[in-house]
Structures are given as structure tokens and as C-alpha cells.
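On the provided structure of chain A, position chain B as indicated by the hints.
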Amino acid sequence: MEADSGDLFEKMKLLLKKIRNSFSRVPLIGWLLGALIAVVLEYSLGESLADILMLPKIPVLFGFVIMLKKPLLIPSVIIFVLLIYALPISAVARLSAPLTNRLAAKLFSLPILISVVIHLGLLYAVLHLWSDISAYRVLTLKLTLIAVMVTLSLNVVNGYMGEFSCSHPGFMALGAYGASVVTVFLFANDKLFGTAILPSALGPFIFPLALIIGGMVAALGALFIAIPSFRTRGDYLAIISLAFMFIVKSMIENLEIVGGPRGLSSQPDYAGLPTVFLWTVACIWIINNFVRSTLGKALNAIRDDEMAANAMTVNTRRTKIVAFLFAAFWAGVAGGLFAHVLRYVNPGTFGLQKLAEVLAMVYFGGLNSVYGSIVGAVSLSLLSEALRPLEIFKWIIIPLLLILVMIYRPTGLIAFKEFNVMNLLKPKPMPEKED
Amino acid sequence: MTFFWQNLVNALQWGSFYALIALGYSMVYGILMLFNFAHGDIFMVGAYIGFGAAAGITALASMGGFALPNWVILVLTIIISMFLTSFVGILVERVGYRPLREAPRASAAITGLMIGIILETGNLALLGARRVSFPALIKSTTYNLGGVYVTNKKIMIVGVSLMLMLGLHQFVRRTKYGMAMRAMAFDYVVVPLMGVSINTIAAMTFAIGSALAAAAGILFGIAYPVLDPYMGIVFGWKAFVAAILGGRGSILGATLAGFLLGFIEIFVAMIFPSTLRDLIAYTIILLILTFRPHGFFGEPYSARLRL
Numbered sequence: 018m019e020a021d022s023g024d025l026f027e028k029m030k031l032l033l034k035k036i037r038n039s040f041s042r043v044p045l046i047g048w049l050l051g052a053l054i055a056v057v058l059e060y061s062l063g064e065s066l067a068d069i070l071m072l073p074k075i076p077v078l079f080g081f082v083i084m085l086k087k088p089l090l091i092p093s094v095i096i097f098v099l100l101i102y103a104l105p106i107s108a109v110a111r112l113s114a115p116l117t118n119r120l121a122a123k124l125f126s127l128p129i130l131i132s133v134v135i136h137l138g139l140l141y142a143v144l145h146l147w148s149d150i151s152a153y154r155v156l157t158l159k160l161t162l163i164a165v166m167v168t169l170s171l172n173v174v175n176g177y178m179g180e181f182s183c184s185h186p187g188f189m190a191l192g193a194y195g196a197s198v199v200t201v202f203l204f205a206n207d208k209l210f211g212t213a214i215l216p217s218a219l220g221p222f223i224f225p226l227a228l229i230i231g232g233m234v235a236a237l238g239a240l241f242i243a244i245p246s247f248r249t250r251g252d253y254l255a256i257i258s259l260a261f262m263f264i265v266k267s268m269i270e271n272l273e274i275v276g277g278p279r280g281l282s283s284q285p286d287y288a289g290l291p292t293v294f295l296w297t298v299a300c301i302w303i304i305n306n307f308v309r310s311t312l313g314k315a316l317n318a319i320r321d322d323e324m325a326a327n328a329m330t331v332n333t334r335r336t337k338i339v340a341f342l343f344a345a346f347w348a349g350v351a352g353g354l355f356a357h358v359l360r361y362v363n364p365g366t367f368g369l370q371k372l373a374e375v376l377a378m379v380y381f382g383g384l385n386s387v388y389g390s391i392v393g394a395v396s397l398s399l400l401s402e403a404l405r406p407l408e409i410f411k412w413i414i415i416p417l418l419l420i421l422v423m424i425y426r427p428t429g430l431i432a433f434k435e436f437n438v439m440n441l442l443k444p445k446p447m448p449e450k451e452d
Numbered sequence: 059m060t061f062f063w064q065n066l067v068n069a070l071q072w073g074s075f076y077a078l079i080a081l082g083y084s085m086v087y088g089i090l091m092l093f094n095f096a097h098g099d100i101f102m103v104g105a106y107i108g109f110g111a112a113a114g115i116t117a118l119a120s121m122g123g124f125a126l127p128n129w130v131i132l133v134l135t136i137i138i139s140m141f142l143t144s145f146v147g148i149l150v151e152r153v154g155y156r157p158l159r160e161a162p163r164a165s166a167a168i169t170g171l172m173i174g175i176i177l178e179t180g181n182l183a184l185l186g187a188r189r190v191s192f193p194a195l196i197k198s199t200t201y202n203l204g205g206v207y208v209t210n211k212k213i214m215i216v217g218v219s220l221m222l223m224l225g226l227h228q229f230v231r232r233t234k235y236g237m238a239m240r241a242m243a244f245d246y247v248v249v250p251l252m253g254v255s256i257n258t259i260a261a262m263t264f265a266i267g268s269a270l271a272a273a274a275g276i277l278f279g280i281a282y283p284v285l286d287p288y289m290g291i292v293f294g295w296k297a298f299v300a301a302i303l304g305g306r307g308s309i310l311g312a313t314l315a316g317f318l319l320g321f322i323e324i325f326v327a328m329i330f331p332s333t334l335r336d337l338i339a340y341t342i343i344l345l346i347l348t349f350r351p352h353g354f355f356g357e358p359y360s361a362r363l364r365l
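Just so you know, the sequences run in chain order A and B. Per our numbering, the first sequence runs over residues 18 to 452. Per our numbering, the second sequence runs over residues 59 to 365.
Same shape as in the complex, but just chain B:
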């Protein structure tokens, strides 16, 4: 039984990365009916910006001659990285998606993919091919809860992700902008006629999604402190799968599906040889989608959707 709980803890951590990234996909999808295929690479950029911010703050603090506690650095890093990365998201929207709003959807998918490649290569050109290691901002301590080992990092990662998700939920439910987003997701043809600018809302959606991806990037850097320019590809596509699995445009669905994907991957790797992980995980997803073609919370294909 401890075996199960131990893996449950690991899966929660792994799933929270997927969930945070999948949220970005899902929100953009809800508004524009388009997937932002550069999102995985925005996650990567977020992690790198976080790395730069953490290093920069530490250097500044030591230059000023005062020592900041690590948690302050961490909080500052997360805030700075989320803030800066949201501009990357806005840029992606402005360059790759706004000119293509009326074009076939696949064209926008291609521009997204290409922006992703540019981000990867740009990073490679700027920083070189060596991997950088994320500074250890948290000293790892392990708690033993009845045979299950939990590190404070894991608690923090899951906690921060849940907080961010709750925050997003509150934002979408309670604020005026959130209401505008929901309205836009409901009908993007009529709502702009009511005085809500689709450009503002779309840019905002990209910004929020990118900020969440940046947070995921930093959390990932804390858990697995090796960053490389291509780390966003696999994560991005898997989170894309999670976003679809959750149902298009559904925030709750994306969160749940992100965690589910994490659970599937961790448990498959525990029970079977780990080389079979992708095989079994994707077979399960294929089966789910075959029998539930619209994901968990998605609405069935309808004429309203721009397909």
C-alpha cells in the first residue's frame, strides 16, 4: 500500500506540470478555437527566464551585500518569470495568430509550430548547446509519513500549482475580464459586437496561459534541475494531449486530464518496464478517445464550432 501512496505522490507532482501547461492550451482553445503549438516552448522559455532571474537576483543580492532568504528569491523568481513570459505569449499571439484569425485553422497551427522551433533555436543560439542547471533554491528535506517519503519540494510544487489553478478559477469566475473570456469562449462572433475586443481578450489569454507555463517551468526546474532547449517539445505535446483529453476549452477538464496523464505515466512506469511507458499511456488515451471522442468535459462536435 505504501508503494501505491508513494507513487501517488510522485504522480501528483508529475501531473501538476502537465496540468499547468494543459491549462494554457485549453484556455487559448476556448477563446480562439486554435491550439497554440508554441506553448511547450513557452514553458521552456519560462524555465530559462526563471533560471536567469534566480541567478540575477542572487548576484544582485550578493553585490548589495545582503543575503536574501531563499524563499524570497523563489517567490521573486516565479513572479518575474511569469510576468516576462506572459509577454512572450503576447508576442506569439501578435505575430503568429492575430494575422491568421480568418485563415484555415491548420495554418495557424503551422505558425505556432514554427514559432516553437524559432524559440528553441533562438535559445540554442543564445546560450549554446550545454545544459544549464537550475539553482537549488530549496533545501530538500524528506518527511516520512507512515512509510511514504515526501519531500518539501513535492509539497511546494503541488501546492503552488493548486494555488495557481484556484487563482485562475477565481479569475475566470469572479472578474470582469474572466467573464469576458467566458463570453468569448461561448460565442466569439457575437461577443465582439457587444464591445468586448477579441484582440485584448486573446492577448490576455495567451499571457495568462504563458504565465502558467512559466510557473510550471520553474517548478519543473526545482524538481529536475537540468534545463535544455528541447525540454518543451515532449512536455508540450503531452500537455496538448491532456488538454484534448479534458475536453476542448474546459479548464477543469484540462486540470483533471493533466493529473490523469501524470498518474497514467507514473503508474505504467512503476508496474511495467519503463520503456513501455509511452506505448501503454498512449494506448489508454487512444481507447479513452475512441469511446469518448469529445474528452471528459468537451461538448460534442457541433456546427457552432469552426472546424
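Just chain A, same shape as in the assembly:
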């Protein structure tokens, strides 16, 4: 009996390995194709399939919410997810692997930019169709993308430069208010700023500018942290950045011109999914290039040994200033998008809770890694949405999960891994036979 079960276990392991091997040959474009087909299926057949399975509507977040709310529906949800997502994705990805590999090889020989644009286009199509099902999905997706931006920008300071900066909610607040003031002042009929100045047709074109202004405001604020960081680091800098966060929050609360503690509303609706997606892609691209540049490597040098870095001709002051301003800029842009997605901001949003959330995403995903930030931000935002029906117990499960991750992988899930686009996009032909 014992030997039997051991045998079974071995067999299972072999089977799993076989499956993994057969899927390891699927290039990224194959997965995207599979996902596209899955969302198309859901878009066209989801409604009727949900009817057949007696689900009230299409499960919004892969059925987590429904499963937690009504345990009776668990089997139908599992069938739904299998039929709509798991089976089509894996079948298409696996079966089309030879085809997509050839396609990937062809794309790979083209200039990288074209290949990237095609992949991103596919990804966007998937996300767009997926989120078209309900407004809730759109909102969740937008907030997740914004969380990716914030996490990445914090990772520049906390992961790559090795400081413990607590000021990111402050930067977000500055960006949110900076961008909101511009758009509300120019394009909205509002109690605080009066009637619109420019015709609203110009709005979407000025909006990127407004976001950049928001980012600049945040970067300007970052000077207050960057300059003390010359003389001190570690805990004292953590306090300075924490104090900065409190100061920003308190300052906005006292500025009656932007609404004070009541917040600022009636931002025009410019932050659609395409806009947020494009900004997120730009953020990932630019930050990835930044951390792989000489300056980015200088950040690592400062983290590992500031004095040695200085001796090796790294201009530590310039590097620190650039890193802080850069990170703050992207946090500000993310904040601006955040304000326009919710179309309302108040200073209370950017407090200690936001800080804990962002820090958790960075350290959960992994330090010093673009992959890690993406994984951390996406998984924690989706998890916190999926566990929503558990109400307050959500805030016991998520922290427990984080503690476990910290204990077993102290630097996060995917730390110190380079984000290599070439590697990601390359075709994955049959591996050489290995024994």
C-alpha cells in the first residue's frame, strides 16, 4: 500500500514535469493568443454559460467573490473558470505552439519595437475585452495598473537604492492634487475654480501635460527628502520621509483653495483604460531602462556601500537626487491618474494605510526587480479585491501571507531579477533532448 502511494506520487510528479515541459515551449505570444481567445469566449458565450450553470452573472474576478459568498455555487464557478479560462488558454497555447513559435521567430527578427508593440497590442486587446464585461472590472484593472506604477517607483528608492522611504503616499498626493488642479481649473465647471477656461475638446490632449505637471510637483517635493539624504540614511531618512508624508497630508488638509479635508472632486473623465494602460507601459519601460543604465547601477552601488561607491567615482549626491526625483515623478503621475480614475481625491486617502499597502506590495513582490514589482502589485491588488467578501478577515489573511513570504523569502517573491524584454519575447523552440 505504502509503496503504491509512493509510486503514484512519483507518477504524478513525472506527469506534472511532463506538462510543464510541454508548456515551456509556448512563447509569450502563444499565451496572449490563448488569453485573447478565452476572453472572446467569455465575451460571447459567458452570459449564456453562466445561465446554464445557474450563476447569477459572469463571475467578475475568476469567481473568487461568488465562491466566498455562496459556497453552494463553487462547483459551477469551477466549471465556468475551467471552460472559459483554463481549458481554452492551455489548449490554444499548447496546440498553437508550433505556429506561434514560428510567428514569434518572425517577429523576433523584426526590430524589437515592432514586436513589442504587437505584443502590447494583443495584451491590451485581452485586457480591454476582459474588462468590458463590467464596470467593476474596469475599475479594478485601472487601480491595479496604477498600483504597478507606484510600486515600481517605490522600488527604485527602496529596492534599488536600499533606502527605506515612507514618503510615497505624499508624492502621490502631490501628483494627484497637481494634476487635478490643472484639469479642474481648465476644463471643469467647479465651485472652487469657477467655469471651464478651455473647451473640453482640448482636454484629452492637455491631460498628459497635467499628469506631467503633477509628477513635477511631486518631484519638487522630493527635494525635501533628497537633500537630507546626503547626510543621513537608513532610519533617519525613514523618519524624514515619514514626516514629509504627514506634512503633505496636513498641508493639503489646510489648503482651503483645493477643498481642504473635504477633498477635490469633479475631475473630468480623462483616465480611460487605454490612457492608464499606456502610462503604465511607459512607466515600466522608462523605469526598466533607468535601472539598467549606468545611473541605475550606481543606485545599486550606493545601496551596497556608499563610501566605496563614492571612491569609485560614483557621484552619490547626484545619483540620490536623480533617484528620488525620478521615483517621485512617477509616483506623482500615478497619483494624478488615481485622482482622475476615481474623479475624487481627499487627503485622507494618502495616509498611513496607503503607505502600508505600497510597502507591502514592494516587499511582497521582491526588491530590486521590475518583475517583482509587477507581480507584487498585481497579486496584492487582485487578492484584496478577491477576498473582499471576507470583510475584515481579509486584513488577517493578507498580512499573514506577507509575514510568511517575509520569513521564507526575506527579499520578496522575485527579487534581484532583471526584466529582459528580449528574453520574454523570444521564440521557444523544441529544447534539445536532455536525459
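Just so you know, the hints here were simulated from the structure itself, not pulled from any lab data. Glycine residues also receive a C-beta, built at the ideal position from the N, C-alpha and C atoms. Hints are not guaranteed to be accurate.
[Claimed, not checked] Computed beta-carbon distance windows for the label pairs: (1) A:Pro88 to B:Ala183: 52 to 60 Å; (2) A:Ala325 to B:Phe229: 38 to 46 Å; (3) A:Arg335 to B:Ala194: 57 to 65 Å; (4) B:Ala183 to A:Ala328: 51 to 59 Å; (5) B:Glu160 to A:Ala325: 18 to 26 Å; (6) B:Val292 to A:Arg111: 24 to 32 Å; (7) A:Arg279 to B:Phe61: 28 to 36 Å; (8) B:Val292 to A:Arg248: 23 to 31 Å; (9) B:Ser191 to A:Tyr361: 30 to 38 Å.
Below, chain B alone, put in the same frame as chain A:
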């Protein structure tokens, strides 16, 4: 002038909460070079345990048919709460900090933060969202000292805090364990080789810090008798600021900085509109740290420190 003295009294009371909590941060920092970010929530737990203890003792006494004087209940409450809360501190050390002793410091900070969230949420789940009010154990009487109004509560709060601080000082200076703590703070690599267990000392430090936080929680409950599960967040972070301001690992520094923070907050709120309190208080702290980056009694950044 009476205006000044009146606020001085208020600030002393407000500062003693900060100082008591900041001591816990500072001691843990001295030993492990880590901040216990769950400390603010341990303060909250201490206040709640105190609430439970006070209610329990009163109920027991009335069941037994004898009436205890209020001050006996108070003393018992403080002792029970300090004792029980110290185990919460030990638990936090055991679960969140001991497995991470060799990990990057930020990871331990994250576990601390998360344990704090678990404590808050656990409390919320256990007791529900309603606020509980701390039983009035002391009957408030007001003395008029030349125009300055002082209540007996304030005198007791400041007195008990000062006593606890003095007690801690004596413990650290005079006892063997205190000596071990100081030695560990001086060099945590070599001292364990001399037969002092870092695990024992770290657990003890967490326990003492938590006990002080529990005392602060009860004193807070006496002064402002409304408890809610999130009361530890703001207090915890502010006391953290005080601990840093005092200089890392410095007990005297943490005490002074705690009082200073109390003074700044009270006086800012008196002179300016109270909405500006955080703004001005933190600007002052930012300025102090910009010109004195290592706090009052901290040693400058050196290679010895694990950064």
C-alpha cells in the same frame, strides 16, 4: 503666564504617553537594530487588556460581595495588563522578528507592520467596531494652583510614567539583565559569544517595551476614556518619530524626545489653529533632523551599525 503653565501641564501629560511608547521602540532598536512597527498596536492591545482587567476585577469583586477601593483596582489593572501585554510582545518577537534576524532590516519592518494590522483586525473581529469606554477608576478632582488647573489624573499619569521610566533606568543600570542588554546594544556580535543569549535578551526587551506600552495604554484610557482598535496607529508612528529624534537606542533620548514631541504638539495647537498641528510639528522635526541627523543622543552613522 498661567496660560503657559496650564499648557505645560497638558504637554507633560501628553508627552508622557509618547515617551513611554517611544521607550519600547528605542530599547528594541538598541538591541536588534530593528524597529518594532507593531509597537503602536501593542499599546492598543495593552489598553484593551487593561479595560478587560478593570472590568473583570470589578465584576469579581462585586460577585464576591466586597468592594475594592478604586486605587487597588487601578494598581491591579496596571500590573495585570503590563504582565499580559509583555507576552504579546514576546509573541511578536518570536513570530515576526526571530525568524528574520539575518534578513534585510526592511523585511522585519514589514512583518512588524503586518503583525500590527493583524492585531488591529483581530481586535475588530473580536470586539466589533464599537468603541469601548474605559471605566472611570479615578474620581477627577481639580486643584487650582495659582490659576493653573491640575487634575489628580494628570498628576497620577505623569507620576506613574516618571516612576516607570526611573524603574527602567534602574533596571538597565543596576541589574545583571540590564547589563546584558547594554552589552548587547554595544555589540550584538561578540556578546552572544560571551554566553549571553540574544534570544533571551531580545525577548526580554520586547516584553519590557510592551509592558511600558501597556502602562501607557491604561494611562491613556484614564485620561481619554474612549478606546478604538486603530488608536495605536497614530500614536505608534508618532512615538516612533520620537524614538528616532532621541537618537537610536538611547533611553534618555527617547524619554526627552517623547516629552518634546508632546510639548511641540500641545503648544502648536494652542498658538495656531489646531488643524495646523501636524504640519508645524513635523516641520520642526524635519528641521531638527536636517541639522542634527542623528537625533539628540544617537551616535553618527558608522560601519558598526547594520544598515
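Outcome of the hint check:
1. A:Pro88 to B:Ala183: 52 to 60 Å: 20 Å, violated
2. A:Ala325 to B:Phe229: 38 to 46 Å: Since the Cβ atoms of Ala325 of chain A and Phe229 of chain B sit about 41 Å apart, the hinted range of 38 to 46 Å holds.
3. A:Arg335 to B:Ala194: 57 to 65 Å: 60 Å, holds
4. B:Ala183 to A:Ala328: 51 to 59 Å: 54 Å, holds
5. B:Glu160 to A:Ala325: 18 to 26 Å: For Glu160 of chain B and Ala325 of chain A the Cβ distance comes to about 22 Å; the hint holds.
6. B:Val292 to A:Arg111: 24 to 32 Å: 54 Å, violated
7. A:Arg279 to B:Phe61: 28 to 36 Å: 32 Å, holds
8. B:Val292 to A:Arg248: 23 to 31 Å: For Val292 of chain B and Arg248 of chain A the Cβ distance comes to about 28 Å; the hint holds.
9. B:Ser191 to A:Tyr361: 30 to 38 Å: 34 Å, holds
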